[in-house]
Amino acid sequence: MSIEARGITKTFGTFTALQDVSLHVPTGELVALLGPSGSGKTTLLRIIAGLEIPDAGAVLFDGEDATGRNVRDRRVGFVFQHYALFRHMTVFDNVAFGLRVRPRPVRPSRQGIRDRVMDLLKLVQLDWLSDRYPTQLSGGQRQRVALARALAVEPRVLLLDEPFGALDARVRQELRRWLRRLHDDLHITGVFVTHDQEEALEVADRVVVMNHGRAVQVGTPEEVYHHPASPFVYHFLGKVNLFHGRVEDGQVFVGEIAMGLPGDAAPDAAEAKVYVRPHHFDIDRKPNGRGHFRARVVHINPAGPQVKVEVLTEWGEMAHVDLPEERYRTLGLGKGDEVYVSLKEERVFIET
Amino acid sequence: MSSSTAVRTLAAARASSTTEPAFVRFGLLGVALAFLGLFLIVPVAVVFEQAFAKGGATYLAAVGEPEALAALRLTLITAAIVVPVNLVFGLAAAWAIAKFEFTGKSALITLIDLPFAVSPVISGMVFVLLFGARGLFGPWLDAHGLKIIFATPGIVIATMFVTLPLVARELIPLMHAHGTEEEEAAVSLGAGGWQTFFRVTLPNIKWGVLYGVILCNARAMGEFGAVSVVSGHIRGVTNTLPLHVEILYNEYNSAAAFAVASLLAALALVTLVAKRLVESKAHSGRNGLTASTGERKEQDEH
Numbered sequence: 025m026s027i028e029a030r031g032i033t034k035t036f037g038t039f040t041a042l043q044d045v046s047l048h049v050p051t052g053e054l055v056a057l058l059g060p061s062g063s064g065k066t067t068l069l070r071i072i073a074g075l076e077i078p079d080a081g082a083v084l085f086d087g088e089d090a091t092g093r094n095v096r097d098r099r100v101g102f103v104f105q106h107y108a109l110f111r112h113m114t115v116f117d118n119v120a121f122g123l124r125v126r127p128r129p130v131r132p133s134r135q136g137i138r139d140r141v142m143d144l145l146k147l148v149q150l151d152w153l154s155d156r157y158p159t160q161l162s163g164g165q166r167q168r169v170a171l172a173r174a175l176a177v178e179p180r181v182l183l184l185d186e187p188f189g190a191l192d193a194r195v196r197q198e199l200r201r202w203l204r205r206l207h208d209d210l211h212i213t214g215v216f217v218t219h220d221q222e223e224a225l226e227v228a229d230r231v232v233v234m235n236h237g238r239a240v241q242v243g244t245p246e247e248v249y250h251h252p253a254s255p256f257v258y259h260f261l262g263k264v265n266l267f268h269g270r271v272e273d274g275q276v277f278v279g280e281i282a283m284g285l286p287g288d289a290a291p292d293a294a295e296a297k298v299y300v301r302p303h304h305f306d307i308d309r310k311p312n313g314r315g316h317f318r319a320r321v322v323h324i325n326p327a328g329p330q331v332k333v334e335v336l337t338e339w340g341e342m343a344h345v346d347l348p349e350e351r352y353r354t355l356g357l358g359k360g361d362e363v364y365v366s367l368k369e370e371r372v373f374i375e376t
Numbered sequence: 544m545s546s547s548t549a550v551r552t553l554a555a556a557r558a559s560s561t562t563e564p565a566f567v568r569f570g571l572l573g574v575a576l577a578f579l580g581l582f583l584i585v586p587v588a589v590v591f592e593q594a595f596a597k598g599g600a601t602y603l604a605a606v607g608e609p610e611a612l613a614a615l616r617l618t619l620i621t622a623a624i625v626v627p628v629n630l631v632f633g634l635a636a637a638w639a640i641a642k643f644e645f646t647g648k649s650a651l652i653t654l655i656d657l658p659f660a661v662s663p664v665i666s667g668m669v670f671v672l673l674f675g676a677r678g679l680f681g682p683w684l685d686a687h688g689l690k691i692i693f694a695t696p697g698i699v700i701a702t703m704f705v706t707l708p709l710v711a712r713e714l715i716p717l718m719h720a721h722g723t724e725e726e727e728a729a730v731s732l733g734a735g736g737w738q739t740f741f742r743v744t745l746p747n748i749k750w751g752v753l754y755g756v757i758l759c760n761a762r763a764m765g766e767f768g769a770v771s772v773v774s775g776h777i778r779g780v781t782n783t784l785p786l787h788v789e790i791l792y793n794e795y796n797s798a799a800a801f802a803v804a805s806l807l808a809a810l811a812l813v814t815l816v817a818k819r820l821v822e823s824k825a826h827s828g829r830n831g832l833t834a835s836t837g838e839r840k841e842q843d844e845h
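Listed in order, the protein sequences are those of chains Z and W.
Going by the numbering used here, the first residue of the first sequence is number 25, and it counts up by one from there.
Going by the numbering used here, the first residue of the second sequence is number 544, and it counts up by one from there.
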């Protein structure tokens with residue numbers, strides 16, 4: 025089932041949580057709402073679910089207006105950030121809840137409920153814990169129970185609020201791959217909220233980047249990562265170095281160094297923001313003819329696939345450089361070394 | 544060897560860091576026990592001692608007297624009406640306060656506490672001024688042949704007023720702490736309002752509800768001030784147990800007074816035992832869960 029949000033606006037008192045946000049999720053797609061806290065992503069998800077009523081705008085399911093429809097009639101599976109498992113019920117009863125509260129004519133038989141619940145618990149690999157209580161489970165297990173419970177009512181849409189937010193790093197990684205596989209198997213339309221760009225880029229088919237109650241960019245993970253529409257998106261998706269420069273003769277100068285050409289012609293003396301990803305720097309011992317600046321190595325962290333080098337630029341700003349381990353060894357870098365830093369790629373935004 | 548010594552020293556250090564010298568411990572304990580004994584245990588013991596001072600026959604006569612039985616019946620009837628009404632009110636108020644945002648919420652919370660802030664005698668007077676013969680609604684009630692003051696309805700209303708905060712006060716913090724997520728989950732799974740309440744909300748707060756009911760019941764049976772004002776002290780008709788005790792005492796019939804008082808004291812003791820049971824039940828429920836988390840960790844490592 026496809027989801028469409030049209031011109032959604034929502035305010036809480038004087039705080040504007042969402043401002044004219046529109047969104048389209050085609051059937052079977054998994055979309056991430058990505059943004060910092062307070063960007064309105066959870067509010068948007070709750071409005072889609074019907075847990076919150078928008079001040080203006082409409083929510084359409086399969087092109088049909090569902091704005092006025094009650095939560096229970098929307099048939100959405102909602103997975104809460106803190107799981108919201110019924111703490112006085114066993115895992116089995118939690119998952120069975122949605123089936124047991126159905127009106128008698130459409131309620132499955134006792135055996136039918138039992139079979140369906142056990143199937144779902146097998147799907148989330150927790151059938152051996154069916155008689156436990158939520159407090160007896162680990163975070164990852166609770167998360168999967170919450171998912172099984174949401175799936176039990178055969179939702180047409182699956183909505184997940186920060187599904188991995190409360191889990192530790194290792195469990196998180198496992199679970200998000202597992203969620204992606206599950207989504208591919210079930211082919212259910214899904215929307216999840218996250219503030220973790222890595223999670224959004226890895227799991228989602230499409231990413232909606234949100235900020236201050238607006239959707240600032242919508243695109244595939246590749247698009248939003250490689251072609252960020254605004255400084256905010258660039259900043260939010262991954263680590264980045266920011267240098268402030270000014271435009272002169274069609275070139276951007278940071279300090280005395282020409283750092284690259286902006287795409288469009290810009291008036292002289294305009295303010296420019298130059299963004300460089302840490303792995304888009306290169307470090308040399310000697311000038312190599314490319315545009316470069318001088319810097320001094322301040323700190324080196326060689327743990328990890330990329331060696332993280334912190335340098336102090338000649339105009340006195342810190343820059344974070346990621347070097348491949350090989351390159352680092354060839355250079356034989358040490359703390360306090362004077363080096364030449366060049367740019368393989370940068371992105372310049374002219375302030376208007 | 545050295546490590547085990549170190550462990551022992553550490554344990555000793557930990558024990559001494561939170562423990563006071565023996566004389567301080569026994570001193571504090573002694574003060575607490577002496578205080579409890581003097582102000583709680585001795586009076587209760589005296590009640591029973593005095594009740595039986597003139598022998599079992601006198602006791603039974605005092606308790607079995609028609610007026611005493613009528614007072615007991617009125618007390619039980621009052622509690623039987625007041626407790627359910629306050630339970631429903633408490634649930635509704637706590638639900639509204641904990642789960643919804645609305646204007647006037649803080650005013651409602653303050654208002655709920657009003658009966659605690661006002662002296663019970665004043666509460667009684669208010670109802671006399673409202674429903675009494677010369678009260679605001681007095682003439683109207685009189686014209687319709689309804690009698691509230693100096694009758695059972697007045698006693699029920701006054702008791703209800705005085706005990707109103709008890710259930711709500713117990714539930715508001717509890718429901719507040721639980722939040723609304725589980726209810727939202729229930730609704731998103733297709734549950735209706737009543738299903739959500741009975742299957743999700745109520746089980747989560749049931750011990751709090753029971754605790755509130757027990758407190759409310761204890762107060763409803765024991766209330767003196769407010770009831771005294773509206774009752775009129777008509778023997779065998781509008782006397783509750785506490786009022787009956789007072790009448791007997793004022794008539795220098797102390798054996799009978801203490802005999803009836805022992806009934807009230809017995810009701811109070813039953814209430815205390817019930818409260819204790821509820822507390823330990825609620826507590827062991829929680830304990831049972833924490834105890835098994837150790838088990839869970841083991842299985843995680845498999």
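There could be a bad hint or two in this list.
[Said to hold, decoys possible] The calculated label-pair distances, taken between Cβ atoms and stated as ranges, are:
#	chain 1	residue 1	chain 2	residue 2	range
1	W	736	Z	33	51 to 61 Å
2	Z	139	W	737	25 to 35 Å
3	W	576	Z	61	22 to 32 Å
[Unchecked claim] One-sided excerpt, in silico: chain Z residues whose CB lies under 7 Å from chain W:
#	residue
4	92
5	110
6	320
7	321
8	323
9	327
10	355
11	373
[Claimed, not checked] Covered stretches of chain W (chain Z as the covering partner; in silico rule of three or more C-beta atoms under 8 Å from a C-beta of chain Z):
#	region
12	570-579
13	616-623
14	808-822
No lab work stands behind these hints: they were computed from the structure.
Treat the numbers as computed from the prediction; the structure is a model and nothing was measured.
Glycine included, C-beta positions come from ideal geometry on N, C-alpha and C.
Going down the list of hints, with the structure as the test:
1. W:736 <-> Z:33: 51 to 61 Å: For residue 33 of chain Z against residue 736 of chain W, whose Cβ atoms are near 28 Å apart, the range 51 to 61 Å is violated.
2. Z:139 <-> W:737: 25 to 35 Å: With Cβ atoms ~28 Å apart, the hint holds.
3. W:576 <-> Z:61: 22 to 32 Å: Since residue 576 of chain W and residue 61 of chain Z have Cβ atoms about 53 Å apart, the given range 22 to 32 Å is violated.
4. 92: At 16 Å from the nearest chain W Cβ, residue 92 of chain Z fails the 7 Å test, so the hint is violated.
5. 110: Interface hint status for residue 110 of chain Z: holds (6 Å vs cutoff 7 Å).
6. 320: violated (47 Å)
7. 321: violated (43 Å)
8. 323: Hint violated; residue 323 of chain Z Cβ to chain W Cβ min 37 Å, cut 7 Å.
9. 327: violated (27 Å)
10. 355: violated (43 Å)
11. 373: With a minimum Cβ separation of about 40 Å from chain W (threshold 7 Å), the hint on residue 373 of chain Z is violated.
12. 570-579: Violated, because only 0 residues of the region 570-579 of chain W bring their Cβ atoms closer than 8 Å to Cβ atoms of chain Z.
13. 616-623: It is violated, with 0 qualifying residues against the three required.
14. 808-822: violated (count 0)
The structure is inconsistent with the numbered hints 1, 3, 4, 6, 7, 8, 9, 10, 11, 12, 13 and 14, although it conforms to all the rest.
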